[in-house]
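Engineer: Below, each chain spelled out in residue letters.
Number of protein chains: 2
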Amino acid sequence: MSLIFRRFMASASASSSTTITLKPTPSKSHHHSPIPSSSFPKGYLLTGLHCGIKKKPGIPDLGLILSTSPHQTTAAACFTKNTFKAAPVLVSEHVLVKNGGKARAVVVNSGCANAVTGKQGLKDAWAMVEETDRLLPSSSESTSSDQEHHTLVLSTGVIGQNLPISKIIAGIRSQTPSSTTSTLSNDFAGWERAARAFMTTDTFPKLRARTFKIGGVEYRMAGMDKGAGMIHPSMGPPRASAGGQLHATLLGCILTDAPVSSKSLQSALTYAVERSFNSISVDGEMSTNDTILVLANGAAQDSSNAALKVEEIDEETNKEGYEVFKKELTEFAIDLAKLVVRDGEGATKFVTVTVKNAPTYPDAHRVASRISTSALVKTALYGEDANWGRILSATGSVPLSSSPSGIPLEIDPKKVSVTFIPSDGSSPLPVLINGEPEKVDEARAKEILVKEDLEVEVDLGMEQVGEEEGLARYWTCDFSYEYVRINGDYRS
Amino acid sequence: MSLIFRRFMASASASSSTTITLKPTPSKSHHHSPIPSSSFPKGYLLTGLHCGIKKKPGIPDLGLILSTSPHQTTAAACFTKNTFKAAPVLVSEHVLVKNGGKARAVVVNSGCANAVTGKQGLKDAWAMVEETDRLLPSSSESTSSDQEHHTLVLSTGVIGQNLPISKIIAGIRSQTPSSTTSTLSNDFAGWERAARAFMTTDTFPKLRARTFKIGGVEYRMAGMDKGAGMIHPSMGPPRASAGGQLHATLLGCILTDAPVSSKSLQSALTYAVERSFNSISVDGEMSTNDTILVLANGAAQDSSNAALKVEEIDEETNKEGYEVFKKELTEFAIDLAKLVVRDGEGATKFVTVTVKNAPTYPDAHRVASRISTSALVKTALYGEDANWGRILSATGSVPLSSSPSGIPLEIDPKKVSVTFIPSDGSSPLPVLINGEPEKVDEARAKEILVKEDLEVEVDLGMEQVGEEEGLARYWTCDFSYEYVRINGDYRS
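So the protein lines, in turn, are chains A and B.
Residues 6 to 497 (this note's numbering) are what the first sequence spells out, left to right.
Residues 6 to 497 (this note's numbering) are what the second sequence spells out, left to right.
Read the hints as simulated data drawn from the structure, not as lab findings.
Among the clues, some could well be false.
[Said to hold, decoys possible] Within a straight-line C-alpha distance of at most 27 angstroms, the following computed DSS-like cross-link-like pairs (lysine-lysine) qualify:
hint, chain 1, residue 1, chain 2, residue 2
1, A, Lys419, B, Lys103
2, B, Lys314, A, Lys444
3, B, Lys331, B, Lys419
4, B, Lys218, B, Lys314
5, B, Lys444, A, Lys60
6, A, Lys419, B, Lys124
7, B, Lys451, B, Lys361
8, B, Lys331, B, Lys314
9, A, Lys47, A, Lys444
10, A, Lys172, B, Lys444
11, B, Lys420, A, Lys86
Given the sequences, and given the hints that come with them, work out the whole structure.
Structural biologist: This is the structure we're talking about:
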């Protein structure tokens with residue numbers, strides 16, 4: 006018997022007062038473990054502390070990241086495209102645009118999103134920037150005008166409430182590098198404290214590091230992010246913008262000791278974010294504070310072999326180095342983005358959705374996004390059901406782009422194949438080949454679907470249009486009772 | 006204290022093996038009640054019967070609708086825009102296009118969607134059409150070529166299985182009007198039997214009737230639809246199309262005894278479907294067999310006062326009559342569409358989302374659609390939580406259209422207002438006025454939100470661009486544990 010879509014044969018009416026036992030959400034704590042201090046980029050100081058935004062004592066709610074590099078520290082960011090932007094987003098965008106892609110510090114708080122807080126919200130975000138600026142050593146490169154700021158600000162948590170700004174200011178002051186109360190450091194403990202200061206409903210701190218080489222010189226990259234729900238970002242580079250406020254979910258910060266020009270740092274980040282943070286979905290909800298920052302301080306050159314020439318990474322003057330950096334940044338951003346899906350609210354599965362042989366990359370990305378946000382696909386994944394019918398239906402609901410001559414491109418159902426790829430390296434299970442349903446071994450399907458990790462591959466069988474391959478990957482999780490519990494019951 | 010968005014303050018980790026008691030889904034049976042036979046349009050015969058597609062004896066799984074009018078019966082349809090179309094969709098589209106907007110019968114089956122069934126599926130759909138054609142009295146207007154068919158076909162149910170076609174053919178034959186086994190009639194019993202033959206996971210048959218007058222002549226309109234999950238249709242008029250198959254969820258059929266030209270019947274239906282069936286969402290899932298049909302047989306003229314001139318309803322020759330008909334058809338389609346949302350899988354709420362003062366109707370429709378499909382908005386509705394933050398966030402994630410000069414239009418957050426409107430006629434509750442959060446009386450909010458019915462109004466405060474008002478209504482339901490149970494557990 007072919008695989009059957011029993012949806013419409015399900016018992017018709019809901020019984021009253023059914024009691025269900027929630028499938029336990031698997032522990033995620035093994036996704037966090039110590040990292041050797043030598044893996045962290047040079048020239049940064051970090052910490053996290055409890056300043057009193059969150060009620061529970063000792064839980065970090067304020068994080069600080071300072072670049073101490075004597076070289077120029079460039080910065081780039083991707084901010085949410087949501088119309089309603091929180092005060093910290095507007096302020097960070099302003100600082101970054103005004104400084105032409107430079108910044109030397111990041112201040113982050115959790116527990117309060119500083120959103121829908123009007124003028125006071127903007128004033129508070131600026132106060133956080135100014136106070137953090139004071140922690141920075143005065144820089145020789147700085148023109149030191151009164152107008153210049155060096156700090157980017159991130160907030161996440163409750164909306165509609167003002168920040169307890171005096172507690173935050175006191176917290177920032179306690180970290181003055183020369184003071185005895187400062188816990189700023191560049192070891193695992195400092196990085197972990199900072200990562201914890203990002204957390205809200207996250208069940209583990211999300212911290213990763215990697216090293217890479219360009220032209221024989223070794224560089225380091227490390228970063229943290231946070232997010233568990235309201236995850237379906239769509240972020241772009243900063244722009245001049247006006248008004249607006251709301252609240253945040255996805256925040257990330259990547260730091261490297263490579264020297265990268267401002268412009269190239271932004272273009273590499275924009276590319277990386279599209280293929281990482283803009284390719285994940287927990288619940289299809291684009292938030293209003295989603296922000297990913299990257300700082301590049303060039304500090305690697307101070308510790309590297311003086312015989313090796315450290316060349317600025319730039320798309321025009323050092324194309325080869327730029328391509329390596331872009332690839333490393335993209336892979337690292339994907340690692341961080343995946344951690345958010347791992348920690349998705351109520352998630353019991355981690356699913357990679359690959360769409361290939363689409364006419365263009367944006368088409369592949371749109372189809373992968375639709376499959377990854379389909380409530381029917383996600384409940385089927387929760388139910389460990391190889392329901393390719395729902396995958397096909399979601400695929401077919403996406404309009405594709407037009408051909409160069411303006412004719413809308415269409416999927417030919419007779420060329421579409423769907424395959425479930427197990428995470429353990431065993432044989433893939435084709436469920437639809439060229440539009441024809443396969444005779445599916447249900448026991449084998451179950452074997453693949455009971456695992457936490459799974460890949461769904463949809464091959465559209467279309468010709469490539471243009472230069473870029475029509476292949477996109479998306480990462481998503483399942484839709485569980487627990488998601489409804491977290492988001493439906495939290496105020497009761 | 007302002008309304009708080011506690012999302013990020015929810016307890017961080019899911020407890021293992023939590024047991025929850027599902028809130029009972031309210032009974033929907035009161036949405037079905039007898040209709041006087043005089044309300045049904047003249048010149049139709051209907052029935053529903055059990056032919057053996059469904060296993061349970063006695064449950065209708067085959068429905069027939071015949072026009073017996075001596076006048077021309079025009080027909081129009083909107084079919085799913087999904088790439089993967091089931092065999093009955095392809096066949097009905099073919100019949101309708103070939104006949105230039107005429108058809109005199111509809112055959113529908115439930116229990117099997119005849120989707121992903123390849124060539125056999127198409128053969129079976131054609132067999133249903135041909136067998137039903139034989140039930141029709143030979144028509145004087147018919148040119149009776151061997152190629153001409155008069156029947157449209159609808160299927161819904163399991164996919165990947167072939168129809169038990171011999172049982173269906175026997176069932177159709179048993180309804181030959183002259184035979185003793187025929188149960189075809191034009192009374193409530195006949196209409197109700199037909200409506201029941203559409204049902205799958207529906208908990209009640211969805212049947213409505215109304216009368217209306219044009220130029221002093223009374224006309225009738227009645228119809229049925231079905232659907233409970235995989236509901237987020239996007240349907241358009243028929244077109245020549247190739248290949249493809251899958252499965253169905255939303256089916257509807259509207260019959261009237263008004264005389265309407267084929268072309269105007271299609272344009273009125275296209276308008277009506279956009280504002281009714283294309284404005285509902287249960288789970289954001291566009292299906293692959295979604296079909297709405299309308300037949301107009303002109304039979305009213307035989308029973309009306311001979312002194313009154315019965316004029317064909319046509320957009321060009323009888324503009325006034327056409328406008329009345331379009332309005333009646335739209336209102337009736339909205340009534341039928343709302344029944345589907347009422348019966349949404351696991352739904353405990355019926356929510357009207359109104360977006361006003363958008364620059365254009367499509368903008369208003371897109372924003373309303375996004376709010377209506379937001380998992381966070383829908384779980385908040387289930388939790389009876391006046392969570393305007395999630396509504397605002399969904400609103401802000403929709404890109405609007407461009408101004409006539411090509412500049413993308415943008416929402417000004419300082420002009421946006423959100424109001425909860427209770428269903429009992431009591432005072433509306435503003436929660437956000439011109440971007441400023443209101444001090445919300447939580448007890449009053451709870452009073453409104455515990456009710457089954459609720460309206461959410463989002464005022465974008467923008468200038469109208471173009472001729473059409475930027476106002477759209479969408480109907481949606483909440484997202485409950487029961488939805489996850491129905492769609493995650495149905496195969497286990």
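Engineer: Honestly, which of those hints from before does the structure not fit?
Structural biologist: Result: hints 2, 3, 9 break, sorted rising.
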